[in-house]
Structures are given as structure tokens and as C-alpha cells.
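Student: In the order they appear, the protein sequences are chains R and E.
Those letters in the first sequence? Residues 117 to 474, by the working numbering.
Those letters in the second sequence? Residues 435 to 706, by the working numbering.
Simulated from the structure, these hints should not be mistaken for lab results.
For clarity, every value in this text was computed on a predicted model and none was experimentally measured.
Glycine included, every Cβ here is placed at the ideal spot set by N, Cα and C.
Incorrect hints may have been included.
In silico DSBU-like pairs for lysine-lysine, Cα to Cα no more than 35 angstroms straight-line [unchecked claim]:
(1) Lys569(E) / Lys126(R)
(2) Lys464(R) / Lys449(E)
(3) Lys126(R) / Lys522(E)
(4) Lys585(E) / Lys209(R)
(5) Lys209(R) / Lys347(R)
(6) Lys449(E) / Lys347(R)
(7) Lys449(E) / Lys245(R)
(8) Lys597(E) / Lys464(R)
(9) Lys347(R) / Lys638(E)
(10) Lys585(E) / Lys347(R)
(11) Lys126(R) / Lys449(E)
(12) Lys638(E) / Lys522(E)
(13) Lys126(R) / Lys571(E)
In silico contact screen, one side only, chain R against chain E (beta carbon under 10 angstroms); selected entries [said to hold, decoys possible]:
(14) Ser128
(15) Val267
(16) Phe270
(17) Ile314
(18) Arg317
(19) Ala337
(20) Val355
(21) Leu432
(22) His435
Simulated restraints, written as ranges between beta carbons of each label pair [said to hold, decoys possible]:
(23) Ile314(R) / Pro519(E): 56 to 62 angstroms
(24) Ser276(R) / Lys569(E): 42 to 48 angstroms
(25) Glu465(R) / Asn537(E): 29 to 35 angstroms
(26) Trp460(R) / Lys569(E): 27 to 33 angstroms
(27) Pro599(E) / Leu467(R): 35 to 41 angstroms
(28) Trp460(R) / Asp668(E): 22 to 28 angstroms
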Amino acid sequence: MFYREAGDFKTSYTDDSQTFPIKFDRYRYYVVLVSAFAVVPFVVNDYWVNAVFLPFLIYAIAAIGLNILVGYCGQVSLGTGGFMAVGAYSVYKLMTSFPDVSILIHIILAGVITAAVGVLFGLPSLRIKGFYLAVATLAAQFFLVWLFNRVPWFYNYSASGQISAPERSFLGVPVTGAETAPWAAYLFCLVFVVASAIIARNLTRGMAGRKWMAIRDMDIAAEIIGVNPLKAKLTAFAVSSFFVGISGALFFAVYLGAVEVGEAFGINKSFLVLFMVIIGGLGSIFGSFAGAAFLVLLPVLLKNTLVGGLGWPTDLAAHLEFIIVGALIIIFLIAEPHGLAQLWRVAKEKLRLWPFPH
Amino acid sequence: MLDASEGYTTEDGRKIGGVVMEMKNITLRFGGVVAIKDISFDIRQGEIRAIIGPNGAGKSSMLNVISGFYHPQEGEVWYQGARRPQMKPYEVARQGIARTFQNIALFEGMTVLDNVMTGRIRQMKAGLLSQAIWKGKAEREETLNREVVEKVIDFLEIQHIRKTPVGRLPYGLKKRVELARALAAEPSILLLDEPMAGMNVEEKEDMSRFILDVNDEFGTTIALIEHDMGVVMDLSDRVVVMDYGKKIGDGTPDEVRRNQDVIDAYLGVAHD
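This is chain R alone, in the form it adopts within the complex:
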């Protein structure tokens, strides 16, 4: 009823392979895009941007990146926090070394640097698989955090060991530093999110994505039909780390402003992003958004209901929040192991036929 594809005919293969082949989906996507760009910036306030939108958008980029590696290519990584740190420290060094270059270029370059580091730590994936690879990437996580803590050059020899983002503007509007308006930070991140999602979608619907999925589903067969496993795995690591690096750069420069590496990019961050990908749905771009939304919004929602709505003490609410979120994750994974994206797919199947299922 709400959702139909009847009468929506394709006359070319280009039409058939587009991202939203169904007209209804396509229009809904345009509506979301327009409201995200043209409506939300005018109505958001500081609280909404800092508590909800910025973390959601930035984690969504990281989840897209990790999903390419884990969901599409089947290579488990626990090094996301470390790679985000690489993005953050790269953008910091670039911002302070070349103050005249646009911040946009700095952030993209930070992504490129992270991609190179990702390829380096992806090399073991050619020999080891599954849990063993996860442990190898865990080593990357600890090594990178240790590196940024111990080598003062990375934090410009500052006394606190922290890095803090200098003020930079984009098109005359400040996007980092204390002067940043909430809507500017929001829009700046939104541009990166939309670009990342489109690029990730294009890669995964084309030959690159097919090679990744072939490696994920059956690596020996993939090699025999002509996939170079070395190249496929390393491109997955590169593309994945590129997005993760960009998200780390934004997380530091736009969202937090000042960062201490162990605190902001510790192992917790790696697990958080991995949970987003698993809860959202492996091998789905939409799932990355859904997972990020779930894990960012749920704690905020719980906190507001418990503390704001019911008047409970903050510390009690904080503990309850852990319990509830943890329980929900378990319930979710038992009820729908393929994540929110699969729930969404099933719901769409049902809606197609509703209200006459036979």
C-alpha cells in the first residue's frame, strides 16, 4: 500500500542498476536529503547538534568504512579506534603545518594517510583469517594509540599531551574551534556523510564490491574465477580506512575540538563502531546508518526519559542505561542476526503486499 513497484518499469540496464530502483524509495531519499540540507540546519540548536546529529553523522561515516571491510569483504577488524586516531592526528598535523590550505583538503588528505596505514596493517589478512586477523588488527589498535601517546612530534610537543583543533573556516564560515556555529558544524559533517555514502554505494554495487563479496563468501573460488585476493583485500582495507580516517578527523576537529588519544580513540571506540555495524546489518550501507543511529540515539533517549522524564538521579540512570543498551543489543542479535537493515527489508516486503497479503 505504502510501497509499490508495480508499473515501475526499467528500459535500460543503467536504470536497473541505480541505487534506488524503485520510484517510491527514490523520492523518499530525495525528501530526506532536502530536509537534511535545507530544513534541519535552520531548526537545530546547540544541544541537538552536539548530542545527536554530530555523533550520529560522524559515527555513520566510521560505520560505513568498517562495514566495507567487515560486511562486504569479510575481514574482521578491531582497529577502528586506532585508524580514527590516525585520521585525527593526521588532520591535526596538517592543520598546524599548512594553515593556509583549506580544511576540506586536510580532511581528505587525513583519509588518504589513514588509507595507507590501513593497507599496512591489512597486509596480515593475506595470511590469516577470522579471529586471528581480528587479533592482528587489535595489535594495530594498541600500537597506534601507544605511538600517538609516546611520540611528542604527533602532538606538537604540547605539555598536556592533548591535541586541540585550531580555528579554521570553510567558505568564510568557521567550522572548527570555539567560534563554530552548530549549523555550520552540522552541514560540514553532513557533506562528508553524503559523499561517503554515495561513494560506498557506488563501489559496492560495481565490480569492486563484487570482488569484495566474492572474497567474503568463498575466497578460493574467488581466486579461481579471477579475483586477485591480495588486491581485493588491500583495496578493502584502503577504502575502509579512508572513511574511518575521515570520521576520525571530523570527530577530533569538528566534534570534540580537543582530544587525548587513549580516551577518545581507545579500544572502546573500536567495539562501539563494530557493534554499530553488526546491529545495523553487515553488508548494508543503510545498516551503517541504522546502527549508528541506534547506538547514538538510544543512550540520549534513555537519559532524557529517565532523568528528564522520571526525575531519577543521574548516576542511577547512567548505570541503567548500560544495562538496557546491553540487553537490547543481545535481544536484537537473537531476534534478527542480520541487523536492522534486514528488519527494514522484511518490513518493506510486508508493506508491499499490505493489506492484502494473499
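Starting from the known structure of chain R, arrange chain E on it as the hints suggest.
Tutor: Chain E alone, transformed into the frame defined by chain R:
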């Protein structure tokens, strides 16, 4: 009986060309076990070449040698008139050798269409950046190759399951999708590892028809392993018979059928 350089004409009047692939004195060992012992044979342009033999004869190992998955300790593989150096399986695939597997090796999480599209790896060369923006070369290439793939899908009559994830398909259809993936590569040699294993009579008939049609329509050279003697004798132009890693017969189905060694291998001999 056959001239090495020129082709021959089959009973049903098809012209078979020169040698595409030649195995010269191949020996393959796994530790102390000799899987293939000093085997030589050739595959000619446009023919259907069968490799048969009892269980454990080394047929699949032979196919794995051809597709580059195993590297023989002795002997040479000649392909299109040149000696093939030791290469990785994906490099062999890119030379135009496609295969199917005894126990289906499809990518279960992908749709039929995506599975068949992976067969086009050799032909799709757009860079990562072009694919990322989905304009120019990447989009053109995608559309052009999709057309080829759709022809294969039509040919094998799997249009209705184009967008179905492979994991949901029954066995017989999976076999057909796997053939489609191999065909999409437009291979110069198509290797089929027991294409009819586990099928009922009807499915076998369908599959035999598809194999003959492929050979007929595209002139594809086919090398196949099969256990069903009836099928092998009907389909193939020439047959290699293996037993315990050795070649015991090579020739047309009729010649092979009359070969005493082959009869012994299949029926057993009295030891006295």
C-alpha cells in the same frame, strides 16, 4: 590416428580445430602420494573433451592442474602455442580458462546477477576512482558487460531468478548459475567438474542440452569430468580415461569403449 597440427571432423560433422591446450608428461605428487603419473593429452579448439575414470583416479587433480590451482612437480602445460609458466589461479582465469566446481562454489550472499557478473572480471577494468563516482568508464563498462551477462542468463533460462540471492536456490539451479558464471567469462576453455553430479535424469538431460548448446552456439572448447558413462559417451568427442593417476585410454568414445584396459578398470579383473 590424429594429426597433431590439423583438426578433424566429428561424426556429426563439426569441424574441430588445432590444439589449444596440451599437457605434456604431467606428474603431480602430494607428499608420497602420486596423484597424477606422467600424463599427456591435448584439448583441441571447439571440441568436448571428457576426462573419466573411477573414484580417486586423479581426474579432479588434473582439472586443478589445468586451472592453475595445483602446480605439477614435473611436466609442462602448453596453452595457445606457448608454454605456461607457473602462475596463480587468478592469472590463469584471466587467460581465459573458466571452470565450475564439483561441489558448487557460488557466492551465497550475492544475487544470481552479481554472481554471473563476477564472471566478467577479465573484461572489466575501470579503476577504483571511476567506480567510486560511477561516471564515465565504470558506468559504460557496467552496462556493456551487463548486456553480455543478460545474454548468458537468457541462454541458460534463469531470467526469473536474476535478483534472488544464490543461497535461496535449489541445487539444480545453482549448478546452472555456476555454469552461467563460467560462460559469462567468454572463456577459450571451459572446465566442468562433474556438471551432473547429484542430478536426476531430467536435470541431467537439461544440463547435457545446455553443454551441447554452449559448444554449438559459442564454439566454446569444453573439458569435462563426469561419472555418468551414458552422458559422457553421448556428449564428448574424445575421452581421456584415467585410473590410479595413469592414463589408460584416449580416443573417441567408441575406441575407449572397446579398450580392454578401460573395461578392466571399470569392471575389475580377476586376479589369479
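Student: Each of the hints needs a verdict: does it hold here or not?
Tutor: Verification of the hints:
1. Lys569(E) / Lys126(R): The hint holds at about 19 angstroms.
2. Lys464(R) / Lys449(E): violated, 55 angstroms
3. Lys126(R) / Lys522(E): With a Cα-Cα distance of about 40 angstroms, the restraint between Lys126(R) and Lys522(E) is violated, given a limit of 35 angstroms.
4. Lys585(E) / Lys209(R): violated, 54 angstroms
5. Lys209(R) / Lys347(R): holds, 30 angstroms
6. Lys449(E) / Lys347(R): Status violated; Cα separation ~41 angstroms.
7. Lys449(E) / Lys245(R): Status violated; Cα separation ~49 angstroms.
8. Lys597(E) / Lys464(R): holds, 16 angstroms
9. Lys347(R) / Lys638(E): Judged against 35 angstroms, a Cα distance of about 38 angstroms means the pair is violated.
10. Lys585(E) / Lys347(R): Holds, because 29 angstroms separates the two Cα atoms, which is no more than 35 angstroms.
11. Lys126(R) / Lys449(E): violated, 42 angstroms
12. Lys638(E) / Lys522(E): holds, 33 angstroms
13. Lys126(R) / Lys571(E): holds, 22 angstroms
14. Ser128: holds, 8 angstroms
15. Val267: At 32 angstroms from the nearest chain E Cβ, Val267(R) fails the 10 angstroms test, so the hint is violated.
16. Phe270: violated, 29 angstroms
17. Ile314: holds, 8 angstroms
18. Arg317: Given a least distance of 9 angstroms, the restraint on Arg317(R) holds.
19. Ala337: holds, 4 angstroms
20. Val355: Hint holds; Val355(R) Cβ to chain E Cβ min 7 angstroms, cut 10 angstroms.
21. Leu432: With Cβ-Cβ at 43 angstroms, over 10 angstroms, it is violated.
22. His435: This interface hint is violated because 39 angstroms lies over the 10 angstroms limit.
23. Ile314(R) / Pro519(E): 56 to 62 angstroms: violated, 42 angstroms
24. Ser276(R) / Lys569(E): 42 to 48 angstroms: holds, 46 angstroms
25. Glu465(R) / Asn537(E): 29 to 35 angstroms: holds, 31 angstroms
26. Trp460(R) / Lys569(E): 27 to 33 angstroms: The hint (27 to 33 angstroms, Cβ to Cβ) holds, given that Trp460(R) and Lys569(E) are roughly 29 angstroms apart.
27. Pro599(E) / Leu467(R): 35 to 41 angstroms: violated, 20 angstroms
28. Trp460(R) / Asp668(E): 22 to 28 angstroms: violated, 50 angstroms
The structure shown violates the earlier hints numbered 2, 3, 4, 6, 7, 9, 11, 15, 16, 21, 22, 23, 27, 28.
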